[in-house]
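K.L.:
Go ahead and model the full structure; you've got the sequences and the hints to work with.
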Amino acid sequence: MADAFTQVYIHLVFAPRRREALIRPEWEVRLHQYITGIVQERGHKLLAIGGMPDHIHIFIGQKLSEALPDLVREIKNASNDFVKKERLSPFKFDWQNGYGAFSHSRSQMDAVCKYILNQKEHHRKRTFKEEFLKLCEDFGIETGRKEFFSWFE
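In the working numbering, each number is its position in the sequence shown, counted from 1, plus 60.
No lab work stands behind these hints: they were computed from the structure. Take the hints with a grain of salt, since some may be wrong.
[What the hints assert, rightly or not] Derived lysine-lysine pairs resembling DSBU-like cross-links, with alpha carbons at most 35 Å apart:
#1 K194 with K105
#2 K136 with K105
#3 K189 with K105
#4 K105 with K152
#5 K189 with K145
#6 K185 with K136
#7 K145 with K123
#8 K189 with K136
#9 K189 with K174
Just so it is clear, the structure is predicted and the values come from calculations on it, not from any experiment.
P.N.:
Written as structure tokens, this is what we have:
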């Protein structure tokens, strides 16, 4: 069989359970570095990572030999274990079930990276719920029938 040549860019979004603001600025960089390691060890390319205390964005160049749900499961499980093992949070830390995954073209890479890296500024104007629902709308994802994150406001 001939080699496969692919170029797939995926923007992932997920949140701690109950959408609690548990990702503290004091250890956010360590968490991002740890997740970067997970992504890279599995052969994917980390393009950008950022977020807020109540959610995270990860932009990757996906290696198609691993199914996206398997990668997300590994990121969540391993990073959850890392937070617990390192005792980063004094509160019970778990990721919520579910996630958003949005595909982008190569021409959108710079804009998506800037968007993810500027989350703190972006969220001065828009809540996570508004942001996530807008992403779904922009990508034509019907939200009425799907179970989404627990929206506590």
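K.L.:
Look at each hint and say if it fits the structure.
P.N.:
Verification of the supplied hints:
{"no.": "1", "hint": "K194 with K105", "result": "26 Å, holds"}
{"no.": "2", "hint": "K136 with K105", "result": "17 Å, holds"}
{"no.": "3", "hint": "K189 with K105", "result": "27 Å, holds"}
{"no.": "4", "hint": "K105 with K152", "result": "30 Å, holds"}
{"no.": "5", "hint": "K189 with K145", "result": "30 Å, holds"}
{"no.": "6", "hint": "K185 with K136", "result": "28 Å, holds"}
{"no.": "7", "hint": "K145 with K123", "result": "29 Å, holds"}
{"no.": "8", "hint": "K189 with K136", "result": "20 Å, holds"}
{"no.": "9", "hint": "K189 with K174", "result": "20 Å, holds"}
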